[in-house]
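Fit chain B to the known structure of chain A by using the hints.
2 protein chains.
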Amino acid sequence: MQIILLSGGSGKRLWPLSNDVRSKQFLKMLPGRDGGQESMIMRVYRQIMAVDPKASVTVATGKKQVSSIVNQLGDKVKICVEPERRDTFPAICLAASYLRDVQKVPEEEPVVICPVDPYVEHTYFQMLNQLARLVSEDSARLVLLGMEPTYPSEKYGYIIPADREQISRVETFREKPDLETAREYLRCGALWNGGVFACRLGYLLEKAHEQIDFEGYGDFFENYGKQKKISFDYAVAEREESLLVVRYSGDWKDLGTWNTFSEAMEGSTLGRVTLNETCENTHVVNELNVPVLCMGCKNMIIAVSGDGILISDKEQSSYIKPYVEEMTGQIMYAEKSWGSFTVLDVQEDSMTIRVVLMPGHGLHYHSHEHRDEVWTVTGGEGEALIDGRRLPVKPGDVISMPAGCKHTVYARTELSVIEVQVGREISVEDKQKHPLPEGDGKQ
Amino acid sequence: MQIILLSGGSGKRLWPLSNDVRSKQFLKMLPGRDGGQESMIMRVYRQIMAVDPKASVTVATGKKQVSSIVNQLGDKVKICVEPERRDTFPAICLAASYLRDVQKVPEEEPVVICPVDPYVEHTYFQMLNQLARLVSEDSARLVLLGMEPTYPSEKYGYIIPADREQISRVETFREKPDLETAREYLRCGALWNGGVFACRLGYLLEKAHEQIDFEGYGDFFENYGKQKKISFDYAVAEREESLLVVRYSGDWKDLGTWNTFSEAMEGSTLGRVTLNETCENTHVVNELNVPVLCMGCKNMIIAVSGDGILISDKEQSSYIKPYVEEMTGQIMYAEKSWGSFTVLDVQEDSMTIRVVLMPGHGLHYHSHEHRDEVWTVTGGEGEALIDGRRLPVKPGDVISMPAGCKHTVYARTELSVIEVQVGREISVEDKQKHPLPEGDGKQ
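Protein sequence lines correspond, in order, to chains A and B.
Using our numbering, read the first sequence as starting at 855 and increasing by one per residue.
Using our numbering, read the second sequence as starting at 855 and increasing by one per residue.
Okay, chain A solo, but in the shape it has when bound (with noise of 0.2 Å):
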């Protein structure tokens, strides 16, 4: 099976845990196959591979999500990383074209198409295997996943079937209704709309380029910021006349909310929690490394981390979204393809931060124009590379760099450092990327 992940979304429903840089998939909160815990995007993959573990994934998004797909998944996994973000359409199509050109996928190859953050059991992934096969026998020239509803929700879409058979010719679409409309549609057996198609590479590259003007994939994906954003079922799906829809009726949750969130984790709590026998139905997830006590807490989610603290009634947790948009704040914790870093203190002319670099990684090599930096390497050992002179570095260590000194830090083992920035004008936007001197093979 060949298969794509969208995945996309920024982080604000599920603040203070996701960010810009941290969306929801990429959290480790579900329970994991060891007692540990998994991310919403390693479960996904875990399921398809007990389904088919020869399927090929890839997964389409956009850099800033690049480094925690690698630090989840590894090489496992292809990326086809979308220059900035567009619809589901233009998405698809740049994944389509990397499928072909890249990868060399051949074009009569069935490829099924899927969001990579739906909470689903393992008949979902045995379903999809059932939609690529009806593709390579020729039944539709695409095929859909159609949810069976449990409530008439007004938050998706729907499909309207022509019967209620296990599979059915798609009559029509219809966008998200209101409350009566949607009973309606429950009573004559419409499904939810859950993003998943499956169709030929060939037909998507077809689609393509039937309303794209482009040659190959590297000159899509220069071109792609000049594409307009629109959904694949408003160019493709709904235009389709050869069209099929099979029923999955098990669990399909969308946890886009720390309300639904909640309901998959295991226990109620993670990280340092305590809380006391007169809380009820209490959700409490803590990335601090601070005690969080709760007290008679009812129905609540509270969650805390170094971007800020959340504490919810349940059903009010669903309308977080205006609230955190008017929050701007300093990212405090980010997962890059080195390592991570944490910010820890932040005033007016300084910024310390706490930078962990993985075995076999290192930074860029850069400088800096209006800050002073002074490293402190807390544990691990590797090599530091300051204005051209090679330094090997250990616990105790200390490393002054003052604006224009280039300089990086190259890690043999799992290295931590400590970085205080010192200056009038600390900014992400300060960082001059310098080429390493010849010679010098590392990174």
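Hints are not guaranteed to be accurate.
Identical copies look the same in the list; a pair holds intra-copy or inter-copy alike.
Unchecked claim - In silico EDC-like pairs for lysine to aspartate or glutamate, Cα to Cα no more than 16 Å straight-line:
hint: 1; residue 1: 1175; residue 2: 1131
hint: 2; residue 1: 1248; residue 2: 1203
hint: 3; residue 1: 1248; residue 2: 1268
hint: 4; residue 1: 1152; residue 2: 1169
hint: 5; residue 1: 917; residue 2: 1076
hint: 6; residue 1: 1152; residue 2: 1134
Note that these hints are calculated values from the structure, not bench results.
All of these numbers come straight from a predicted model, not from anything done at the bench.
Positioned in the frame of chain A, the structure of chain B alone reads:
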């Protein structure tokens, strides 16, 4: 008026804002005169001065509180430091011998003794003046202030007066009663015992010498640890025959729990807090520099500091103590005589701290056996002394101090330093103090 303020108490009940080094009386959360915030001790001192601008105030306290008192009240009050905590009788006797031997207060002078943390009206302090006057007129040897009860409380001791007059002879004292007995007391016109007494200084010394074997203040101070823990009520008041009580019927609140404390706050929030419109009767205090978002919170107390996070139903918040006693943790913030420190990060082999020194102040000259330290100056100017060598310091300067290196720093202007400690055994015990080199008169 000579007044002794008893400043005791650990910080358990107002966790996580109060802790072992920051008792509740120092939390700046009450509305102050100039639109800012003031602490209980600042408020009480201001109220005393309003009634008697010439009042002489002595705070009897443990050594952990000295820095906070100096930081909040400067040299406006005298401080009598108990070498270790005993009960109120030894504390009052020590303060009495301090007043006579150190402050040279005449023995015939009336002294008023009261706790530092009642939240009361202006008239309370006018009545303290009245107590002192009754003592100087020899109306009785010991005069008490009794609080007119507002409900049959089981958590206070009671004073049973001979009649219902404004000033009465005391019939007897009663321990904390059960509810039924408390109701009975109220019917008889009993008063709450708030631990407020007035008598001549000589009376205190006479009672001290009757029960404690000591010569003068120095001798008492040195043997203070041997004193048995006994309250002034039990040791003195309950045995005194010449005893009056004066009725006080104004507000008298013990802001000892979050529930009562929140009632004295001016608004419902302090710090970076958003309460959405569905929150009701909820108070939030946030000392961290990250946003707190509350949605749908009803009748709650939320308190956030570097030490931890409390999220509690208001009524439940009175039962916090046993939970807090189980939490043993690094103290994350402390005021010191020289400034303050904030712990930013604790790892297995390192700790990162922000140190702020007030102008004109310095640290002890010291060294550590088991850890290296690195200072990065992030703000202000001063002078460091490193193994006998003096160095001017300014923002961006870095000083490395390997284990064994003697060091201190002195602030000319407010000086901010990020200190990184690196070593396997980081503890407050690993600190060796050294005399300053000859000819160095700093500190």
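Are the CA atoms of residue 917 and residue 1076 at most 16 Å apart within a copy, between copies, both, or neither?
-> within (14 Å within a copy, 68 Å between copies)
Are the CA atoms of residue 1152 and residue 1169 at most 16 Å apart within a copy, between copies, both, or neither?
Intra 12 Å, inter 13 Å, cutoff 16 Å: intra and inter.
Practice prompt. Please work out whether the CA atoms of residue 1248 and residue 1203 approach to 16 Å or closer within one copy, between two copies, in both situations, or in neither?
Written response: The answer is between: 12 Å across copies meets 16 Å, while 28 Å in one copy does not.
Intra- versus inter-copy proximity for residue 1131 and residue 1175 (alpha-carbon distance at most 16 Å): between (31 Å within a copy, 15 Å between copies)
| said: Treating 16 Å as the Cα threshold, decide for residue 1152 and residue 1134: within, between, both or neither. | reply: For residue 1152 and residue 1134, the Cα distance is within 16 Å both inside one copy (5 Å) and across copies (14 Å).
Next item on the list: At 16 Å max between alpha carbons, let me know whether residue 1248 reaches residue 1268 within a copy, between copies, both or neither.
Entry: within (11 Å within a copy, 33 Å between copies)
Going down the numbered hints, you'll see the structure goes against none, and every one checks out.
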